[in-house]
Amino acid sequence: MLNRRDLSVSVLRTDPAQPYQDSNNVMKTAPRALSRFIDRRQAFVYPAPAVTALFLIVVIPIAYNLYLTFTKWTIGLGQPRFIGFDNFIELLSDERVLNGVKVMVYFSGLSLSLELALGLLIALYFNREFKGSEIVQAIYIFPFAATPVAVALIWRIMLNPEIGVLNYILQSVGLPSSLWVSSPKTVIPALVMVDVWKWTPMITLIVLAGLKSLPHDPYEAARIDGANALQIFWYITLPLIRPVLIAALMLRSLDNLKEFDMIYTITQGGPGISSETLYLYSYNVGFSFFKAGYGSALMVVVFLIVLVFNVVMNRLRLSAQDL
Amino acid sequence: MKRRMICVVLVALLCVGVISATALAGVDWKQLQGTEIRFLMNKHPFTTYIEPKVPEFERMTGIKVTIEAFPEDQYRNKRTIELNAGGKVDGYMIMPGQDDLHYWKAGWLQPMDAYIADPTLTEADWNIKDFFTSFTKASSVDGKQIGIVINAETSLLSYRKDLFKTFKVKAPETMKELEQVAKSFYGKEVDGKKMVGITLRGKGAAATSQWVDFLYSFGGSWTDAQGKSNLASPKTIAAFRFYGDLLRNYGPQGGTMLHWAESTSMFMEGKAAMIYDANVFKALYENPKESKVAGKVGYATIPAGPAGRVPHVSNWSLSIGKTSTPERQKAAWLFIQWATNRSNCLGALLAGVPAGRASAWNSKEYKSKDDHPDWTANTMKSFEIGQPQWNPPVLNVPEIRDITGQVIVDAIEGKDVTASAKKAAELMDKKMER
Numbered sequence: 114m115l116n117r118r119d120l121s122v123s124v125l126r127t128d129p130a131q132p133y134q135d136s137n138n139v140m141k142t143a144p145r146a147l148s149r150f151i152d153r154r155q156a157f158v159y160p161a162p163a164v165t166a167l168f169l170i171v172v173i174p175i176a177y178n179l180y181l182t183f184t185k186w187t188i189g190l191g192q193p194r195f196i197g198f199d200n201f202i203e204l205l206s207d208e209r210v211l212n213g214v215k216v217m218v219y220f221s222g223l224s225l226s227l228e229l230a231l232g233l234l235i236a237l238y239f240n241r242e243f244k245g246s247e248i249v250q251a252i253y254i255f256p257f258a259a260t261p262v263a264v265a266l267i268w269r270i271m272l273n274p275e276i277g278v279l280n281y282i283l284q285s286v287g288l289p290s291s292l293w294v295s296s297p298k299t300v301i302p303a304l305v306m307v308d309v310w311k312w313t314p315m316i317t318l319i320v321l322a323g324l325k326s327l328p329h330d331p332y333e334a335a336r337i338d339g340a341n342a343l344q345i346f347w348y349i350t351l352p353l354i355r356p357v358l359i360a361a362l363m364l365r366s367l368d369n370l371k372e373f374d375m376i377y378t379i380t381q382g383g384p385g386i387s388s389e390t391l392y393l394y395s396y397n398v399g400f401s402f403f404k405a406g407y408g409s410a411l412m413v414v415v416f417l418i419v420l421v422f423n424v425v426m427n428r429l430r431l432s433a434q435d436l
Numbered sequence: 026m027k028r029r030m031i032c033v034v035l036v037a038l039l040c041v042g043v044i045s046a047t048a049l050a051g052v053d054w055k056q057l058q059g060t061e062i063r064f065l066m067n068k069h070p071f072t073t074y075i076e077p078k079v080p081e082f083e084r085m086t087g088i089k090v091t092i093e094a095f096p097e098d099q100y101r102n103k104r105t106i107e108l109n110a111g112g113k114v115d116g117y118m119i120m121p122g123q124d125d126l127h128y129w130k131a132g133w134l135q136p137m138d139a140y141i142a143d144p145t146l147t148e149a150d151w152n153i154k155d156f157f158t159s160f161t162k163a164s165s166v167d168g169k170q171i172g173i174v175i176n177a178e179t180s181l182l183s184y185r186k187d188l189f190k191t192f193k194v195k196a197p198e199t200m201k202e203l204e205q206v207a208k209s210f211y212g213k214e215v216d217g218k219k220m221v222g223i224t225l226r227g228k229g230a231a232a233t234s235q236w237v238d239f240l241y242s243f244g245g246s247w248t249d250a251q252g253k254s255n256l257a258s259p260k261t262i263a264a265f266r267f268y269g270d271l272l273r274n275y276g277p278q279g280g281t282m283l284h285w286a287e288s289t290s291m292f293m294e295g296k297a298a299m300i301y302d303a304n305v306f307k308a309l310y311e312n313p314k315e316s317k318v319a320g321k322v323g324y325a326t327i328p329a330g331p332a333g334r335v336p337h338v339s340n341w342s343l344s345i346g347k348t349s350t351p352e353r354q355k356a357a358w359l360f361i362q363w364a365t366n367r368s369n370c371l372g373a374l375l376a377g378v379p380a381g382r383a384s385a386w387n388s389k390e391y392k393s394k395d396d397h398p399d400w401t402a403n404t405m406k407s408f409e410i411g412q413p414q415w416n417p418p419v420l421n422v423p424e425i426r427d428i429t430g431q432v433i434v435d436a437i438e439g440k441d442v443t444a445s446a447k448k449a450a451e452l453m454d455k456k457m458e459r
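Protein chains in written order, with the numbering used here: chain A, 114 to 436; chain B, 26 to 459.
Extracted from the complex, chain A is given alone in its bound form (with noise of 0.2 Å):
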């Protein structure tokens, strides 16, 4: 907003009484006003145009979203119409929400604790000097850095009982078959298969980081004092390594508690719901049903179990730094 000052600045110098004045002047000064304008209110102008496209992003989407939890709408059927909390006590009586829940803490309970475990002991074995390492760890990481599409069409091939190569390994070395993820019972052990094959080398690399990052001090007085190495494990590395194996879990648990491109790849939630975690059913609902509605509502209480574990994990994670 120009303010009067300026204004009467530029009027007085485009004056006609002024003759002397030529209109390359009028063009001089137009900007300076603006530049003048522009340095007064840096705090707003300089972010403005990373705050409107935010705004148009990221806010209006999930406040149109918010608004449609309170709508009854599916796409192309009229308009949204207005039902309260509806979507909300619909949900709580949906069966599929509530198997939602459970896949989801199965999968992610047993695939985050499984890539947090095998991820640390990873890094304590990379921890040390040995011949080869930076050889050892490129190849490590992989899996972590193929495009997740990708490796889960391979995996969905490799998983398939009766074509997929997993099932030859077995058999050739005498071991009987798996249904993997073609049967309810494990269905869900196989995807964290592959979640762990793929993430826990995330998990190495921030642990590792973190571990090479620690004192020395502490550990020369514990082998002095005659501390063996379980001791030297469990009495100086845990604790100092806590606050970075949180961090770890907290980011890894925000892909994960809302892992879809891998499950969707594999099982699209099969056989039958036996994997469809919440947030597939939310997907589900929006996109394959159209019920926009109803799935926004979904959506939101995926988006209030992420914060939720969170907001935990990071009060964890500061009261871990007080130590």
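Since the hints were made in silico from the structure, they are not lab data.
Built from N, CA and C at the ideal position, the CB exists for glycine as well.
Just to be clear, a hint being listed does not mean it is correct.
[Stated by the list, open to error] Cut-off 30 Å, straight-line C-alpha distance, at most; resulting in silico cross-link-like pairs (DSS-like, lysine-lysine):
#1 B:Lys455 <-> A:Lys185
#2 B:Lys455 <-> A:Lys215
#3 B:Lys113 <-> B:Lys78
#4 B:Lys448 <-> A:Lys215
#5 A:Lys185 <-> B:Lys456
#6 A:Lys185 <-> B:Lys218
#7 A:Lys298 <-> B:Lys296
#8 B:Lys68 <-> B:Lys78
[What the hints assert, rightly or not] Some chain A residues near chain B, calculated using beta-carbon distances under 10 Å:
#9 Gly197
#10 Ser295
#11 Val300
#12 Pro302
#13 Gln381
#14 Ile386
#15 Asn397
#16 Val398
#17 Phe400
[Stated by the list, open to error] Quick look at which bits of chain A chain B covers, simulated, 3 or more residues with Cβ under 8 Å:
#18 188-195
#19 270-279
Dock chain B against chain A, hints included.
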């Protein structure tokens, strides 16, 4: 001399006939010169066939046609979103069995009956009666023609005719025989591979499009006379149970994860004696580069159940957008008419896209090139007896298919089918939108 006279008269008559016929038919193909129309298409073999020929239509009419084609999943979403936003869509491809009720209710489909009846807009030779009735019926809602078929599909029982000959087994004529044949092949070793009797789709919602043929052949239906869910009726339950038992007992392991890709690859690997799926997969089975069973496959219509043989027919059609302007709608009709004329239907069929026109199937050109007359004969038979309602007659088809798919999964897993069907029927009644 006399003979010469007759010849002259005959030629003259013929000329008059031809001239008057053209004059009477009187479609002025240039009437909408300069109009620009936009069609949304699925990246389908028909699109691949017709796209290079579009300039021919543009030269003939002076109408500019823009075709935008997308892969199927993406296409369905884009089409719905664009029509909902009121974009400039003059025509589009649609699977009527999947989307017609929804699109009709939403007001996105322009009826074509007036254009078809108008001799200044439709050539007499185009003749809607030349299309199989099951498909013209499939592409209509409330008695209004809302689409013209461009790709006609049904399902067939495909079997290993080489093995059937070796083991002296006849192609099953009834559902009971189907089960016996499947049982007789299950566990047999052929070429060092353990065979399964039959492979079918079992993956929930994806399986309903094939299961529906068993539903009808067992005398079941989606809804009853009052329009309520009929999923828990004894005949429908019998269909669920038969399908589930067949796949669990004589099919591959992990039946609940079989989509068409998994199911057809089982058959093409030579690990299954039979497969029931879309007839168009012949192109996969008979491709020697990808299939180990090429040249060894026989084809039959669905075996007869208690209610006879009732396969489904499904199709892709071309429709006109209702939100377009009258002029562009007429231009879109000219385009659709041209794309589905005799020569294009025959051309598409020869290029491997099953046409909806009987004359194309009966033509000498097609018959002389046909390597699988049993496939052709059974496909045509299915077209004639086929039931066009292959999806639940509701607006929210995907959701109800999903509910039905749950019962199929439970049946394959050997759970209590009656209880599962009852639960699904209640849910269907609750969620059904009409």
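Against the structure, the hints:
Between Lys455 of chain B and Lys185 of chain A, the direct Cα distance comes to roughly 15 Å. Compliance with the 30 Å bound is thereby established for this hinted pair. For the suggested pair Lys455 of chain B and Lys215 of chain A, the alpha carbons sit about 24 Å apart, so the restraint of at most 30 Å is met. Among the hinted pairs, Lys113 of chain B with Lys78 of chain B is consistent with the structure: their alpha-carbon atoms are about 23 Å apart, no more than 30 Å. Between Lys448 of chain B and Lys215 of chain A the alpha-carbon distance is near 21 Å, which keeps this suggested pair within the 30 Å criterion.
As the CA atoms of Lys185 of chain A and Lys456 of chain B are separated by approximately 13 Å, the hinted pair is consistent with the 30 Å bound. Of the pairs offered as hints, the one joining Lys185 of chain A and Lys218 of chain B is violated, with about 53 Å between alpha carbons and a cut-off of 30 Å exceeded. Proximity of Lys298 of chain A to Lys296 of chain B is assessed by CA-CA distance (about 25 Å); at most 30 Å being required, the pair is judged to hold. With a CA separation close to 16 Å, the supplied pair Lys68 of chain B and Lys78 of chain B stays within the 30 Å bound.
Hint status for Gly197 of chain A relative to chain B: violated, with the closest Cβ pair at about 19 Å, above 10 Å. This hint holds: Ser295 of chain A has a C-beta 2 Å from the nearest C-beta of chain B, less than the 10 Å allowed. For Val300 of chain A, the interface hint holds, since its Cβ comes within 10 Å of a Cβ in chain B; the closest pair sits about 9 Å apart. Of the supplied interface hints, the one on Pro302 of chain A is violated, with its beta-carbon coming no nearer than about 15 Å to a beta-carbon of chain B, more than 10 Å.
A distance limit of 10 Å between C-beta atoms decides the matter here; for Gln381 of chain A the minimum to chain B is near 8 Å, and the interface restraint holds. The interface hint given for Ile386 of chain A holds, since its Cβ lies 7 Å from the closest Cβ of chain B, which is under the 10 Å cut-off. The restraint placing Asn397 of chain A at the interface with chain B holds, with a minimum CB-CB distance near 7 Å, inside the 10 Å limit. For the restraint placing Val398 of chain A at the interface with chain B, the shortest Cβ-Cβ distance is roughly 8 Å, inside the 10 Å limit, so the hint holds.
A cut of 10 Å between beta carbons decides the hint on Phe400 of chain A: the least distance to chain B is about 7 Å, and the hint holds. Only residues whose C-beta sits within less than 8 Å of a C-beta in chain B count toward coverage, and the region 188-195 of chain A has 3 of them, enough to reach three; the restraint holds. Requiring three or more residues with a Cβ within less than 8 Å of a Cβ of chain B, the coverage given for the region 270-279 of chain A holds, as 4 such residues are present.
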